[in-house]
Each structure stands twice: as C-alpha cells, then as structure tokens.
Amino acid sequence: MNIRRIFLIAVPYLWLGALFLIPFGIVFKIALSDGALAIPPYIPTLDFSQGWAGFKDFAGKLDFENFRFLASDDLYWKAYLSSVKIASISTLATLLVGYPIAYAMARAAPEWRPTLMMLVILPFWTSFLIRVYAWIGILSNEGYLNQILIGMGLIDEPLTILNTNWAVYIGIVYTYLPFMVLPIYAALEKMDDSLLEAAEDLGCSRFSAFWLVTIPLSKAGIVAGSFLVFIPALGEFVIPSILGGSKTLMIGKVLWEEFFNNRDWPVASAVAVILLLILIIPIVLFQRNEQKQREAEE
Amino acid sequence: MRRFSWFNATSLTLGFAFLYLPMLILIIYSFNESRLVTVWAGFSTKWYGELFQNEAFLDAAWVTVKVAFWSSTFATVLGTMAAYVLVRGGRFLGRTLFSGMIYAPLVMPEVITGLSLLLLFIAIGMDRGVMTIVLAHTTFSMCYVSVVVSSRLASFDRSVEEAALDLGCSPFDAFRLVTLPIIAPAVISGWLLAFTLSLDDLVIASFTSGPSSTTLPIRIFSAVRLGVTPEINALSTIMIGIVTVGVVTASLVSKRTMTHRAADERKAEQNDKL
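Chains as they are written, first to last, in numbering that gives the first Met the number 0: chain A, 0 to 297; chain B, 0 to 273.
The reader is advised that the hints may include incorrect statements.
The calculated lysine-lysine pairs, modelled on BS3-like cross-linking and capped at a C-alpha distance of 30 Å, are [to be verified]:
#, chain 1, residue 1, chain 2, residue 2
1, B, Lys-254, A, Lys-189
2, A, Lys-252, A, Lys-84
3, A, Lys-291, A, Lys-189
4, B, Lys-266, A, Lys-252
5, A, Lys-218, A, Lys-246
6, B, Lys-254, B, Lys-266
Some residues of chain A that are not near chain B, with every Cβ distance over 12 Å (derived) [said to hold, decoys possible]:
#, residue
7, Asp-62
8, Phe-68
9, Asp-72
10, Asp-73
11, Trp-210
12, Thr-247
13, Ala-295
Computed spacing ranges between beta-carbons, pair by pair [as the list claims (entries may be wrong)]:
#, chain 1, residue 1, chain 2, residue 2, range
14, A, Phe-6, B, Gly-99, 31 to 39 Å
15, A, Phe-6, B, Thr-12, 53 to 61 Å
16, A, Glu-199, B, Ser-43, 36 to 44 Å
The set of hints was computed from the structure by calculation and includes no laboratory data.
Cβ coordinates follow ideal geometry from the N, Cα and C atoms, glycine included.
Just need the whole structure built from these sequences, with the hints factored in.
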C-alpha cells in the first residue's frame, strides 16, 4: 500500500462521503426532527459544546412524528400512488412508442445504423427543460396541435391537454424515449435472423414468429429500458410542474412545494426518505436484471 | 437478411418526427415577428436582439457557463480517479460502499440530491452561491464520468501498461504516457457529458443556489411558468444550435481518430510481417 494508491482512493472516497453520504444522514436526522419557527426551521439542533449529554438530549428529542403525519394525511398517500401510476403508464407508453423504432433501427442497413443511433441520442444532449417547454406551445388550447385538428375539421372545440395528466404522459414519453430505444435496439441487433426463418418454416405466421421469437429474445432490452424510464419518472419534478396541472400529484412536486412554499423542512425530508424507500425496489430489481444479463453473456 | 418493410420505414419516420418536430417548431417560431407565439406574423430576428439586451438572462448565462466549466473539470478529475480505483484498485476496505456511492447518484431523484446537499450546506454554515452549485454538480456528474471512463478502462489491454512498467516507466509515467492517451476519448466525452448535465440542471441548482447565483435553467423555469415567450424560444434555439454543432463535431472527430487508428494498426501489422 503506497502513498499514491491511498491518495487515489481517498480523494474520491472522501468527496463522495462528504457530499453524498453525510447529506443523507442529515436528511434522515431532519426527517426525525420537529418543525419550528426558527433559523434553521427545525428542532432539535445538535449542540456539540455540551458533549455526550448534549447528544443524549438531542437523540431523545428525535421521533417519528413526521412519518405519522405523512401516514395520516391522505395527500401524501395519494401523491405516492399517483406517482407510481403516472410512472407506470408512461413507461408502458414509452415501450409501445419505442419498440417499433428500435425494431426498425435493427432492420436498417448496417451502414445507416450509426447515424440512426446518433439521431436517437442527439435530443438527449439538448436541454431537458427546453424539450419539455417545447410541448407547451404544442399542447395548449390555442396550440399547434389544436390548430391542426380544428383546421382538419376533426374537432370543433379545442382539446384541453396542457395542465392535465395527459400532458405529463406525453412529456415523459418524449424526454425518456432514447432510454427505452437504445437498450431494446442493442438486444434486437444481436438477434440471429435465421431463427425467424426457422420459425416460419415450421409453420409460424409472421406475427406469431414475432411474438414467440423476437419479443422473448429482446426481453432483456425491454426490461432494462422500462427500468431506465420508470426509475427517473417516479421522482420527476420538472415535467409535472411545467406540463401538469394543479391536480397532477407527483411526489417530487410535493417535496418541492413542502420545501420551498411551506418551508416545512422536516416534512420535506420525511417525504424524501419515503420516496427513497419506494425507489429501492425497482433499483434492486434493475441491478439484478443487469447482473443476470452479464452472467448470461459470459 | 430480412427486408426493411414499409412498417419499419413508417415507425422510423413517425418516431423521428415525434423526436424532432417539437424542437423544429420551437426554432421556427423563434423567428416569428409576433409576440403571440402560436400565430405566425412574418420573419423577424428581433427576439434575438431583445434577448441580448436582457441583462438578467446574460448574467444567468455567464453564471451557468462558469458553473458548468468548473464542475465538469473537477468531475472529470475525480471521476477518472474513481474509475481507476474501481477498475484497477484491487481490494480495499469499504470497496462495496465506494462503488455504491458511485452508482447511487445515477438513480437518485434530483429533488432528493438537491435537498440533501442544501441541508448539508446549511448545517455547516456555508453561504450559498456559485461555489455551492459547483460542489453539488461536481458530486453528481463525477459519477457519470466514472461510469464512462471505467467502461473504457475495463475494455483495454492491460499488457501495454505492464510493458511500459517493465521498460522502466514509473507508475505515474505509465499512466501519463500509456493509459491516459488510450482512455482520452472516454475522458473527453465524460467531460462533455458533465458539462451538458450541469448546463441543463434545474432542480439541484435551485436547491443549492443563492440569491446572487441564478443559473439559466432557473431563469427559464420561472419565465416558463408564466407561459411561452418568444425570447425563451430564441434562447432555446441558440442552446439547441450550440449542442447540435458540438455533438456533430465531436462524433466526426472521434470517427476520424478511429479511422486513423485503424489505418495505423494496419500499417503496424504490415511492418511486422516484413
């Protein structure tokens, strides 16, 4: 163990410890504190000058009051459930939109594939905020979509899409589409076409060959893509607050409002702790899927 | 080889229309004469002129670029170190915790990262400003850098490095002269990724910024809440333009280096045979 190696390990380790791990400790601590009209707006604060007695006093004042409050007020229940619902529906919609794109990319001539890949990735590099913002002009009552639909005579009254959950679904599908397309494309590209020919020779229709051969072979990509959309969508803040309405309940938005509008730091921290607990399930499932994939490839 | 069917062609056309039309509309309407953003009233570049006279936006843009430059530079150094430790570090105490801390920020909701960092800065009595945003951005983007760099580190042939050591290089020289040039493309794309992540971030910056350090996304967000304005369309067009030029140039450059490298390798092989 030489000095250089210790330095190399210690610097990023300490950085992440100080700016990732310790902040979480603070969130947990404040989630167990009580709100107060003070600066900072919570009690108790840890007083190091009193030594061990101060710490005992401090620990004795921590309680689960905020979590009991979250459980008793159905706003929070509804927000958690509605986040899960919105994230699930959007993930499914992204899959339905993304699969045909990935499928067509895998079918395109090999010399075209890098360009198609870049076209899918390029929007990911442009600002997330701007991509969400672009939809306001399209979906609003006087927006381009309503202008076109009225112009074509399909509807008489403008459709109200902006500021509803529909706009949130569209926003999530739009911004997270590359995360779905790329893993599915990676799985489909590796597929051996002769399997499909074999299925058809053995009497499968084209549709059932697709259903029985292509879909199972791209399952790893579907699963990975779905998690990559579902996990960030669950804690999403920007999309529901720009495209959603006052009735759109998502937990990221609730946390933001508790913190910035109500200035209730202990409750905001408790909301964060619960969001984290909900997220652990899909994250662990996702990692297990990735691991299985790696083992299968070896 | 199966044929590329009409169904495939339609999916690609519709898919790319879906991905690109919203941005195209935004760009077109940034040149609209009228203040009413959904009504076309002739071509004009006046909103660009107004944008460049808007002090608040210019200040915010400057803060954003400063934050993005410093945070992506720190993140690249720290992330490359972390990648090296993960791939080459061998076993050490707390390795599992270390790799956990590298991957966790990638899946963490931004609201939680932002909240936790703000609570830390308050707990240690640090004034919020450019400095705190740089610290926050460095922390989450170093994880992205380390993922990009470690995949490159894991895939290259280690014997080249060992050869340099056998021939008398110090470990630092071996890293500087052999490893670094090989992983350089990954380090550069890591830096670019960190830079765009920082430019783009609204949530974490909102939590960790102070009154004097408003970034562009924060400004845009507060303007967007009041609706669509032609100035924001103009600003968005400029940002889309910069990113497009950057990404296309980067991919052309990397394509050229790849062809050069392939040609060099072929030449080396031929020399071997002679």
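Structure-based check of each hint:
1. B:Lys-254 with A:Lys-189: holds (23 Å)
2. A:Lys-252 with A:Lys-84: Satisfied, since the Cα-Cα distance of roughly 15 Å is no more than 30 Å.
3. A:Lys-291 with A:Lys-189: holds (17 Å)
4. B:Lys-266 with A:Lys-252: violated (59 Å)
5. A:Lys-218 with A:Lys-246: Not OK: Lys-218 (chain A) and Lys-246 (chain A) at ~35 Å, beyond 30 Å, violated.
6. B:Lys-254 with B:Lys-266: holds (18 Å)
7. Asp-62: holds (19 Å)
8. Phe-68: holds (18 Å)
9. Asp-72: holds (19 Å)
10. Asp-73: holds (21 Å)
11. Trp-210: holds (15 Å)
12. Thr-247: Label holds. Min Cβ-Cβ 14 Å, cutoff 12 Å.
13. Ala-295: Non-interface label stands for Ala-295 (chain A): nearest chain B Cβ at 18 Å, farther than 12 Å.
14. A:Phe-6 with B:Gly-99: 31 to 39 Å: At 21 Å between Cβs, range violated.
15. A:Phe-6 with B:Thr-12: 53 to 61 Å: Cβ of Phe-6 (chain A) to Cβ of Thr-12 (chain B): about 54 Å, so the range 53 to 61 Å holds.
16. A:Glu-199 with B:Ser-43: 36 to 44 Å: Violated - the Cβ-Cβ distance for Glu-199 (chain A) and Ser-43 (chain B), about 58 Å, lies outside 36 to 44 Å.
Of the hints listed earlier, those the structure fails to meet are numbers 4, 5, 14 and 16, in rising order.
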